[in-house]
Amino acid sequence: MGGYSLTDLVSIMAMQGFAGLILFSVFVLMALGLAIIFGQMGVINMAHGEFLILGAYMTYICSHVVQTYAPALFPVYFFAAVLLAFGASFLLGIVVEWLLIRHLYKRPLDTLLATWGLSLILQQIYRSIFGAREVGVELPPWMMGALQATDTIQIPINGLIVMGLTVIITIGVYLLIYRSRWGKQIRAVTGNRVMAGAVGIDTDRIDRYTFGIGCGIAGVAGAAFTMIGSTSPTAGQLYIVDTFLVVVFGGAASLLGTIASAFTISQARSTLEFFLSGSMAQVLVLLTVVGILMLRPQGLFTLKVRR
Amino acid sequence: MLSVTDLRVAYGQSEALHGLTFEVGQAEIVAVVGRNGMGKSTLMKSLMGLVPTRGGHVTFDGADITALPSHTRVARGLAYVPQGRMIFSTMTVQENIETGLFVRQRKAVPADIYTLFPVLQEMRGRYGGNLSGGQQQQLAIARALATEPKLLILDEPTEGIQPNIIQEMARTLRRIRDERNLSILCSEQVLSFALDIADRVLVIEGGRIVHQDRRADIDAELVARYLAV
Chain A
1 MGGYSLTDLV SIMAMQGFAG LILFSVFVLM ALGLAIIFGQ MGVINMAHGE FLILGAYMTY
61 ICSHVVQTYA PALFPVYFFA AVLLAFGASF LLGIVVEWLL IRHLYKRPLD TLLATWGLSL
121 ILQQIYRSIF GAREVGVELP PWMMGALQAT DTIQIPINGL IVMGLTVIIT IGVYLLIYRS
181 RWGKQIRAVT GNRVMAGAVG IDTDRIDRYT FGIGCGIAGV AGAAFTMIGS TSPTAGQLYI
241 VDTFLVVVFG GAASLLGTIA SAFTISQARS TLEFFLSGSM AQVLVLLTVV GILMLRPQGL
301 FTLKVRR
Chain B
1 MLSVTDLRVA YGQSEALHGL TFEVGQAEIV AVVGRNGMGK STLMKSLMGL VPTRGGHVTF
61 DGADITALPS HTRVARGLAY VPQGRMIFST MTVQENIETG LFVRQRKAVP ADIYTLFPVL
121 QEMRGRYGGN LSGGQQQQLA IARALATEPK LLILDEPTEG IQPNIIQEMA RTLRRIRDER
181 NLSILCSEQV LSFALDIADR VLVIEGGRIV HQDRRADIDA ELVARYLAV
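Chains A and B, in that order, give the protein sequences.
Counted the way full-length UniProt numbering counts, the first sequence spans residues 1 to 307.
Counted the way full-length UniProt numbering counts, the second sequence spans residues 1 to 229.
Just chain A, with the same shape it has in the complex (with noise of 0.2 Å):
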């Protein structure tokens, strides 16, 4: 690391740890959506990553739609496309879940492959509507702004933003999982499909909406994504690997799993990626959380509970 002194030193890393923070809220969104439907119903959905761009998109075509009609509103749009995202990919989660999903609850591994497939035709679809051709969001200008924390650190806004947006989402998740009625429903049906049917819940139902709130929260990572990337029809296939990754490292059963995992995989490859060129960085994480993973083959958080 020759040529930089200490104080250069502690503001690249203070620096490149909110841009990793930024990525770390993608993840941990990602993660979320993909962790609940993964622990309720055994589906590994390998069209998360489209359902991340069809939020992204949703925020794209907001974007525009605000500025051509209501330029006005300009300034706060990305919130209405927040909810626009969510609301889209959620729409199409239940779809799925109904057309698809649903009619292969008993044959794991064909989900994996009919999730593959879905993916593919939904990026076609990306492609035919939205053209192959990677599409940028335009932010208002008092979200482009960076704070200057000090000479040398600058905390851009819209990273702040994005940050704020992920810890009300974690905390509403939490919340819908651990304190409300429905979220008792979904741990039941988690727990003992079979018996949770035997005492009275409708486990269609709750793996129909589950699905879409998965799907749902993966949009939102959407609406942030496109303040860190530009969004393209195969841009969700760049994610999906490092959110299974997420998913696996923190232990599929723990939302504090989730969110760990997230954050070290994502600052570790934001502070590496300084250093190095960005593969060797993808390299060096995946080849610790495999190491990590051969030791402690559950993930990092377990529930210590006889099961």
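It is worth saying that the hints were derived from the structure and are not from the lab.
By construction, the Cβ of each residue, glycine as well, lies at the ideal position given by its N, Cα and C atoms.
Careful: at least some of the hints might be erroneous.
Some, not all, of what chain A presents toward chain B, calculated at C-beta under 8 Å [to be verified]:
#1 Lys184
#2 Ala188
#3 Arg193
#4 Val194
#5 Val199
Facing chain B, a subset of chain A residues (Cβ under 8 Å, in silico) [unchecked claim]:
#6 Ser128
#7 Gly131
#8 Gln185
#9 Gly191
#10 Met195
#11 Gly197
Guided by the hints, dock chain B onto chain A, whose structure is given.
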């Protein structure tokens, strides 16, 4: 109350129940006894809609429920305490009981459930998976009662439970029947327990009912012979 006619259940090609016909009356306790593998659990599961029915009819409260999914059966008034108890191990005791409330749109655990099982009130914050076998059995019964059933179905409730607790459970089940005026259908291998609680005993062997008697005139030796290995 519950009326089963020529019930046939099969796992794939092999038929496990070859046409059972029996009834359970209002506030009656019926014990189904038989050796391992004779179809007791299959019968209980099929009544709850957990295994598909191949033929015959199940009517409950005058309505045909043969093809209903299990959660609708619970809504109609059936409740199930499975073999092995199947507690939601990562949920607390109280949450376990609360899972039974959804079907009745209720929010709070009725006080009489804790009156029946005081130990569950003490442990309501613990994970279900960390209870002892006997406590889990009480929890499974409490969870079933939370659905306000008209018929309680228990699959081998004495399995893996200490003898002194078995007697207490027999008393509890009779008390539940007397207080709530519900019917109980219970599969059992322990004959003494079955004779202790049941008004009527059915003997099942090879997927058929081979003998049935009211408790008053049951020939315990004959039934014991069916149970002998």
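Legend entry - Gln185/A as an interface hint toward chain B, with CB separation required under 8 Å: holds (6 Å)
Inset, instruction - Hold the hint about Gly131/A up to the distance rule: shortest CB distance to chain B must be less than 8 Å. - result: This interface hint is violated because 46 Å lies over the 8 Å limit.
Legend entry - Satisfaction of the Val194/A interface hint, Cβ to chain B closer than 8 Å: holds (6 Å)
Legend entry - Hinted contact Lys184/A with chain B - closest CB pair below 8 Å: holds (6 Å)
Legend entry - Interface hint compliance - Arg193/A to chain B, C-beta minimum distance less than 8 Å: This hint is violated: Arg193/A lies away from chain B, its Cβ roughly 11 Å from the closest one there, beyond 8 Å.
Legend entry - Interface hint outcome for Gly197/A [beta carbon to chain B under 8 Å]: At about 4 Å, which falls below the 8 Å cut-off, the nearest Cβ of chain B leaves the hint on Gly197/A intact, so it holds.
Legend entry - Closest C-beta approach of Val199/A to chain B relative to 8 Å, hint status: The hint holds - Val199/A has a Cβ within 8 Å of chain B, the shortest such distance being about 5 Å.
Legend entry - Interface hint status, Ser128/A versus chain B (Cβ within 8 Å): violated (39 Å)
Legend entry - Minimum beta-carbon distance criterion (8 Å), Met195/A to chain B: holds (4 Å)
Inset, instruction - Mind checking the CB of Ala188/A against every CB in chain B and telling me if the closest is under 8 Å? - result: With a minimum Cβ separation of about 5 Å from chain B (threshold 8 Å), the hint on Ala188/A holds.
Inset, instruction - Return the status of the interface hint for Gly191/A: holds when the least beta-carbon distance to chain B is below 8 Å, violated otherwise. - result: Gly191/A check passes; min Cβ-Cβ to chain B is 4 Å, inside 8 Å.
Hints 3, 6, 7, counting from the list given before, are not met by this structure.
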